[in-house]
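Undergrad: For the record, the sequence lines run as chains C and U.
As numbered in my numbering, residues 1068 to 1504 make up the first sequence, in order.
As numbered in my numbering, residues 1068 to 1504 make up the second sequence, in order.
Treat the hints with care, since some could be wrong.
If chains are identical, the list can't say which one is meant, so a pair holds when it fits in one copy or spans any two.
In silico BS3-like cross-links for lysine-lysine, where the CA-CA straight-line distance does not exceed 30 Å [to be verified]: (1) K1405 to K1261; (2) K1101 to K1405; (3) K1467 to K1481; (4) K1229 to K1289.
Simulated from the structure, these hints should not be mistaken for laboratory data.
Every value quoted in this text rests on a predicted model; they were computed, and no experiment measured them.
Protein chains: 2
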Amino acid sequence: MFTISQDHKKSQKPRVVIIGGGFGGLTLAKALKKAPVDILMLDRHNYHTFQPLLYQVAMGSLEADSIGFPIRRIFIRQDNFTFNMADVEKINPESNTLTTNIGEICYDYLVIATGSNTNFFGNKEIEHYAMPMKNIPEALNLRSLILQNLETALVTTDMREKFALMTFVVVGGGPTGVELCGALAEMKHLILMKDYHGLSKYDMRVYLVEGKDRLLAAMSPKASAKAKAFLEKDGVIIYNSAHVQSYDGFYLTIDNGKTIKTRNVLWAAGVKGEMPGGIPAETVSKGNRIYVDEINRVKGYENIFAIGDVAAMISAEFPNGHPGVAPAAIQQGNTLAKNIAHLVKGETTEPFIYFDKGSLATIGRNKAVADLGKFHIQGFFAWVIWSLVHILSLVGFANKGIVLLRWAINYFTKNSDNRLIVRYFNTETRMPEVLSK
Amino acid sequence: MFTISQDHKKSQKPRVVIIGGGFGGLTLAKALKKAPVDILMLDRHNYHTFQPLLYQVAMGSLEADSIGFPIRRIFIRQDNFTFNMADVEKINPESNTLTTNIGEICYDYLVIATGSNTNFFGNKEIEHYAMPMKNIPEALNLRSLILQNLETALVTTDMREKFALMTFVVVGGGPTGVELCGALAEMKHLILMKDYHGLSKYDMRVYLVEGKDRLLAAMSPKASAKAKAFLEKDGVIIYNSAHVQSYDGFYLTIDNGKTIKTRNVLWAAGVKGEMPGGIPAETVSKGNRIYVDEINRVKGYENIFAIGDVAAMISAEFPNGHPGVAPAAIQQGNTLAKNIAHLVKGETTEPFIYFDKGSLATIGRNKAVADLGKFHIQGFFAWVIWSLVHILSLVGFANKGIVLLRWAINYFTKNSDNRLIVRYFNTETRMPEVLSK
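Whole structure, please, built from the sequences with the hints as guidance.
TA: The structure is reproduced here in structure tokens:
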């Protein structure tokens, strides 16, 4: 059996395997720096992705590399840490091993920190034609699709097709959907006619379709109302209490009776937990999250844990688990690090307590909404807070500098320099390609 | 017939169509700002690529977006300029039109500024398996291949395969090949063991195969000797007067009797002019360059021109045309702008005179060679010149800032943060893919 032993220290220390290098996994691994354990992190990507800014990569406001950071670089000074790029296919709790594309891997403690992925609610046609945006490759695909469709709109002689190419439908009115809509509205008003002579902003349409009766349903009604007002002022057409029924690449039908002809459907309608096989179905909730106890231990196992988006710690206050946001994952990572150290040393564990740091969402330049405890802030000040929080949360000094530089220039020029089609997106196969020759 | 008329000003001005947004095309279009013409630029990509730094994108030292700049953004304040993303299939001189993937386009003056592409000298097997690097998608593919192979080397149990994954062969000892080799040697010495616990720098091999008897054959013998010394000191194995015979994805055979088992062949062995169909064969040189007269007019035509890498202006001093470097393209673009204005106004044209600004190549940190007129400079000072020239030549203020920031951090940390596999490179199909899920 292959056990990734080359760089596993010849130690008697227990091995903690962490699947996933997102906010939760990174925090946990860092917090275990002094613990008497060896850490092996596995991720499909060789880098951490700062997901909150994916939409800016997709909209051509930031480079992909500025929101990604190589995982090994983060831990370059942490001796008890090893990383391997791997796709974990199956957890085998009976043997304490993982089946992966790079071989069998054994663990003493396993932490599932695999996060969430786009939820298409089982609709295969929508999954094929709508654009998800949960990782950098998907954000770059979306960037290419938007820019390619504008290029095509410039030269098509079919006016109905031109409008379809210039019609953008965002499905889902959570923070991602609202931020995408805001950025699309900004592109419409500030950039379209500067860049694409021959396209009129009056021909560009942005729709937002949300199933609930208000946007940003996880935030305060005040924030919801303000976000809606901001978007509507920018010309976004919002359908609340509306659900997409089908999308065939040309026509999107909604259960409010509307049909929209569009070539751009951006899917931000929901997420589901993303996990390897091997977890019994009864341990998994409706949204595909794994039931864990108060120390994030997976129900029914001694040495398997789950944190972040993929974990559901049910309580009276959180009947569906904690919100799938970075602070929850980070806090669970920190607490679990302490508890793993406790377990290794045979000490008593401490239950996880969630501290709600509040919620933020931006709608565009100078426009954001924030719920910070009792304070509900909207507009410019909320936007400053949003910007600061995001810059400071980025991994890497250079990344912080680059995002700051891009934002400053984009702010003052009311434009951006990242609208490059670095991967040609094939709208039939829905796969990226190298541009011919 | 479709004529891209939407944004073509209703004017009686002649239309200059420029194919290609490289150094030559950009310079020409800018210099035509005040000329009584309308300019339409066509390019396969919607951005200009700063090719001299492609190797740093490939090696994970820079982000792709920092060496690309959207072409429309460059000309945002130039009223007589329009851009369309298009692939020109054929020139039809008899009707003054172009056949393109976005329709027929008519021109009054046509400038072919399509540059050059990788020359595999007709070897289809090598073309399939070796990695070219002439544009951003190819540089990102190369980055992915290198990083994926290191990941695989970490976990393979086959020691011969492990060495093949850690063996890098650069074919071609021009500036690109030398710079790639230098960067690979730097990765071997400074980065490999910091990042990839489990890989030893003593297992990594870098080869350079060059057909001529010296490296950097276009530079002074002094520069060649110093570049060779720098690379050999860093452990690069150099074969001069040697030609690759075959590469099947596993074994590379060279006509000096050597066979190298390698999974990484980087092809920088030569370029050939890249042009649409429709140019008669007798007007095209051996290296696929178009014969032009002293004002860059294509032989046999009144209103078709070629500049830069794709043009061959034959003279006693330049029997094969000017060197395929940015300054030649830029200078030809500037002179041609004047001459097109002269032609439009019925004035006398002025012949092109090439001013050799010298040559630069870097081998790594603090190491470069420079031929500046009579001065041959090597080492740190040449490296400073190289760095300054490249920063200042980049298009875009943000790009300059980002490259400067990355370089400063990379210099002091002896590492880099851009080793992200943002596109998974399929080594069988040789195409990028979205990472599974």
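Undergrad: Look at each hint and say if it fits the structure.
TA: Hints, verified against the model:
| no. | hint | in the structure |
| --- | --- | --- |
| 1 | K1405 to K1261 | between (54 Å within a copy, 28 Å between copies) |
| 2 | K1101 to K1405 | within (10 Å within a copy, 69 Å between copies) |
| 3 | K1467 to K1481 | both (20 Å within a copy, 19 Å between copies) |
| 4 | K1229 to K1289 | neither (37 Å within a copy, 59 Å between copies) |
In terms of the numbered hints stated before, the structure departs from hint 4 and from no other.
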